[in-house]
Amino acid sequence: MSVPTELGYTAKHEWIVVEDGIATVGITSFAAESLGDIVYVEAPEVGTEVTAGEPAGEVESTKSVSDVYSPVSGEVVEVNESLEDAPETINSAPFEGGWLFRVRISEEPANLLSAEEYTKLTEGEN
Amino acid sequence: MSEPMSAPRLTALHKTHEEAGATLVDFAGWLMPLRYSSETVEHNAVREAAGLFDLSHMGEIRLTGPQAAEALDYALVGFLSKVKVGRARYTMITAEDGGVLDDLIVYRLGEQEYLVVANAANVPVVASALAERASDFDVEVADESAAYSLIAVQGPRAVEILAPLTDADLDEIRYYAGYEHTVAGVPVLLARTGYTGEDGFEIFVKPADRAPEVWAALMARGSEHGLVPAGLSSRDTLRMEAGMPLYGQELTSELTPFDAGLGRVVKFDKPGDFVGRAALEEASRTARERRLIGLAARGRRPLRKGQDVLRDGTVVGVTSSGAPSPTLGRPIAMAYVDGDLDTSTGTFTVDVRGRGEEVDVVELPFYKRQS
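As you go down the protein sequences, you meet chains A and B in turn.
Position 41, counted from 1, in the first sequence is what my numbering calls 41; the numbers after and before it change by one each time, with no gaps.
Position 282, counted from 1, in the second sequence is what my numbering calls 1282; the numbers after and before it change by one each time, with no gaps.
Since the hints were made in silico from the structure, they are not lab data.
Computed footprint of chain B on chain A; a stretch qualifies when at least three of its residues, placed anywhere within it, have a C-beta under 8 Å from a C-beta of chain B:
(1) 36-42
(2) 53-65
List time: in silico DSS-like cross-link candidates among lysine-lysine, alpha-carbon distance up to 30 Å:
(3) B:Lys1015 with A:Lys120
(4) B:Lys1368 with B:Lys1082
(5) B:Lys1305 with A:Lys12
(6) B:Lys1015 with B:Lys1206
(7) B:Lys1305 with B:Lys1368
(8) B:Lys1084 with B:Lys1270
In silico negatives: residues of chain B with every beta carbon more than 10 Å from chain A:
(9) Trp1030
(10) Pro1066
(11) Asp1097
(12) Ala1216
(13) Val1361
The beta carbon of each residue, even a glycine, is placed where N, CA and C say it ideally should be.
Whenever a hint applies, use it, and build me the whole structure from the sequences.
Structural data, given as C-alpha cells:
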C-alpha cells in the first residue's frame, strides 16, 4: 500500500495537505480498504466551521458508518461534490480524486504524523 | 451465562482465504471471509455470473432411525415426514411459545435419515432441542457440524461451472433437492439450494478437510465463466435483495413465524402434536401485530437495521435489515410495521441518525431472477 510522503496523517486515518492556507482533507487508502466499498459521503457544508479532532462528516460503506475527524480547524470552503454521485472514488483514488473537503485554516495543524509514522501505525493495526 | 471468550474457529478453507487476500471477520464464533476484494463486485458477479462461498460455519445435524420422520414432525413446525427422499424443505424450529429458535433447511437423505442445516450461532440450541424433543422416538440425533465443510456456488452460470466437475446430471436436480454425488472426485451431498436469489448449489463436503480440493477445482473451472470467491458481506446484500429473512434480524425468539409473514411454513395439517402447536394456532388466528415490508430510499444514504420508520411523522415501525442495494442502485431495508398499517397513503421516512430519509414502500422481494 502506497502512502504519499508529501501528505500529513492522523491516527484516525485522515490525510491532509496545506497549500496557501487552504487544507485539503481525505481518508487514507488504509481506511478505505478497511471500510470496504464506500457508498455514501456526508460532507460538511461550505461555510461551516470545523474543529481539529472533531467529527466533520461521515463515510458509509456497505457495512458501516464512520465519522471523519477534521485534522485542522477552520472554515470549510469547498467540498468534493463529485463524491455525491461517485463515492467509490474514495476506494479507487483516496489520495487524489477522493478528497473530501477543503478548509481555510485558522491555525496550523498540529500533531500530524509523517507518512513513515502513519505506515508504522497501520502495520501495527494489521 | 455467556460462553467464554475464545479464539474464533477456522474453517477447512482458512488457508485458501488467506492466500486469496480475504478480509476475515469473527462471525458467530468463526473466522469467516467478509470479502475478498470489493463486496459490490462480488455481489454483481453472483447476479451476472457466479460466486463461490465458504459456509462451513453452518451447522449440520443428522437424524437417523425408524422414527426420524416422526421425530422431526414433532420437533419442527414443518411436515417433514411428507418430504420425499432427495428433496429439501425450508422450515423452522420454535419454542413452546411459538417464538422462532432458528430457520432451517432439512434434507431427506433416506427413508430413515435427515440432515438439518442450522445457522452457525444457533447450532448448540438447535442440536440440544432436537436431541431433547427426539428422546421419546426411535432415532439417533448427531451434531455433525464439525465433520462438514459447506461450499456454495451461486449464480446464473453455476450449472455450467459445476457440470464438468460432477457425476450428477444437474438438469435432474430440481430446486430444493439434494443427493449424494461427487464433485472433483470428492463424495458430497449436492443440493440445489441457496440464499442469494439466484440458481445455484450447496455442496456439503464430508470429511470437512477435503473442501480445499472442491474449492480449487471450482475456482479453476469457474474463473473463465466469471466465478469469483464471495464473502459474507455480499451474501447479506444478496439475501436482502431476495427478501430472505436472516435469523437475529427478521427472525428472533420474540417473533412467531406468523409475525415474520412466514406462517406458511407452519403445517397444522400434520398428524399429532408438535412443539409450539397451541401457541402457533393462537398466533395464526389473532391478527398479526406486525408485518414485514420492503423500503427503498429515494436518496443515496444507506438505511440500516434498527431505524424508526415513520408515516407522516409518526413512528409506525422499525427496520430489521438495511443496506445499499447494488442491483437496484439505491438503499433498501426490510421493516416491521403495525399489522393493520395502510402503506398505500402517506409519506414514509426512515430516521437515519436524526434525519428523515424519504423512502418508498415496495413489494418484497426487491429482486427476483428471470426464470
